[in-house]
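J.: All chains should be built: construct the whole structure from the sequences, respecting the hints.
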Amino acid sequence: MGRYVARRLLQMIPVFIGTTLIIFLMVHILPGDPIRAMWGDKAADPAQVASLRHEFGLDQPLWKQYIDYMGNLFQGDFGKTFGGREVIDEMSESFPVTLRLTAVAMIIEIIVGIGLGAWAGLRAGKAADTGVLIFTLIVISIPVFVLGFLARFVLADQLGWVAPNVQDSTDYAQLFLPGFVLAMLSMAYVARLTRTTFAENLRADYMRTAMAKGLPRRRIIGVHLLRNSLIPVVTFLGTDVGGFIGGAVVTEGIFNVQGVGNLLFKALQQREGSTIVGVVTVFVLVILVINLLVDLLYAVLDPRIRYA
Amino acid sequence: MPDATKTQTEAVVDAIAAPSAADGHKEQGKPRSLWGDAWFDLRHRPMFWISSILLLLLLVIAAFPGLFTGADPRNGDLTNHFLTKPDLGHFFQADWFGYDGQGRSIYARVIYGTRASILVGVGVTAAVTLVGGLLGMLAGYFGGWLDSVISRITDIFFGIPFLLGAMVVLNAFTDRKVYVVILALAFLGWTSICRVMRASVITAKQADYVTAARALGAGTPRILFRHVLPNALAPTIVVATIALGGYISAEATLSFLGLGLADPTISWGIDIAEGSQAIRDNPHALLFPAGMLSLTVFAFIMLGDAVRDALDPKLR
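Keeping their order, the protein sequence lines are chains A and B. Under my numbering, think of the first position of the first sequence as 22, with each following residue one higher. Under my numbering, think of the first position of the second sequence as 1248, with each following residue one higher.
Straight-line Cα separation of at most 35 Å, DSBU-like style, residue types lysine-lysine; simulated pairs: (1) A:Lys101 to B:Lys1424; (2) A:Lys287 to A:Lys85; (3) B:Lys1332 to B:Lys1424; (4) B:Lys1332 to A:Lys287; (5) B:Lys1424 to A:Lys287; (6) A:Lys147 to A:Lys234; (7) B:Lys1424 to A:Lys85; (8) A:Lys85 to A:Lys101.
Worth flagging that the hints you see were computed from the coordinates, not collected in a lab.
T.: This is the structure:
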């Protein structure tokens, strides 16, 4: 187990360097000068532009910029924004907000998705099953931003049940609607996956054994079937974190949540390299760690899987 | 000598093939290949026909938008048509879906916007299948250091969140035409196809018929393209068909954020972004492009579902 984790952590290093390098190059090889752009169409003082460029290290060759950036990163220094603030401060303000939003979405996704999928899977081929399949098909077809505006338009503007904008991001009641919108797409996938594995595992030998032993139905489904069916679902939940992060940019924009998605979107518009690379780097790290956790979770769900 | 080997080969092939073919004839009339079987299955699914008809209609709209509307999607008449409400009785007329905030016919824009979405969806899928499929095939078939290199590169690209990466990549371009969006999405999206293809090629190359083909003196390209590829293609096709709808959705999302297609190109994503500003009093400016977008994604996802059910024997 310990050796497995150590090997996986070592394997993360080249992936981490590769991803950050790609993002770094993408941000910095773009034509145009973000420093000059700060003046807009006004005349800029060339000396001032040059000194700012020097301050942000933009006058260095690209490879040196990357090495400097990574060197600083390992000391916890994410660089400064053009506004002069530390990127790490900006991130530590907005990350908890996104974390809460994603947590709300994850809980909705897991409860509704697995519940719906299990309900349909136990009735495979019946009307309820077809209904869930069609429902998930429709949910998958509607892009997140359309769903977000529709939800906001109907629930906030027309019915007045909720506030259209999130004013206090520590209030979970206000985060419910954006969290729900963010969760919808993944929820539909989780429901479909759970349905398929449930329907498949219903025919498994251990199910017949459990039934023959005379176990109560609740225990057969809740313990034997559920635990065996969760592995593909957990895999999906792990790989889907990346999708959540992309969705967060859209959802936070629609409901005006001041999270990382908003921070990243503003940074993209101002082409502020340090914030973009910083945010994406943290996301990549989060995804790598979650994938490792998912792999370790397999052993918990299925004792036959052991890591040497 | 060549004659002798040829007859020998034919004899072996005949000996192997003859009894099984005869069996098939006796039992179920005509033996079907995987593809024949899948086609048989598809023909009996209403979902396949609904999505095919929808997609055919969308393809015709994308190819010949002028057939469906006489109105100009770019010509705005602010004085007469600023956010005019839709007139749902006027089928196929310029004012059927109303007018947007710049006085342009929403019906015409919905029709003309189809092309960009379909082009991006099909283009990205084609590029991803070609690049990812080829890399996955090489990695899976040859193994060794080539596999290691390709797999590590795949890991790196797989680590970048798709939509997030696309935002960063597209932000680097100022002139975002359809092909730029296709290239950017394909640049980040090829990994899943590559992994699927690699896995199925590894399974297929261990099959007895591959050993038999090699024993009969077939060269590597022949084995790869005539024996391994046809037997490893099904999972790739399933993944590619299902992903197609997702790419259309991704393009619309990026265009909505102002990071996808840019203005002279007509895109539902841009129209939805513009419509969203007037949603409170004029929801029609958002609802019609959004509805058309969802319908298109729906058709592709439904097709993907039907193809998966037909090609995945595990679910049968």
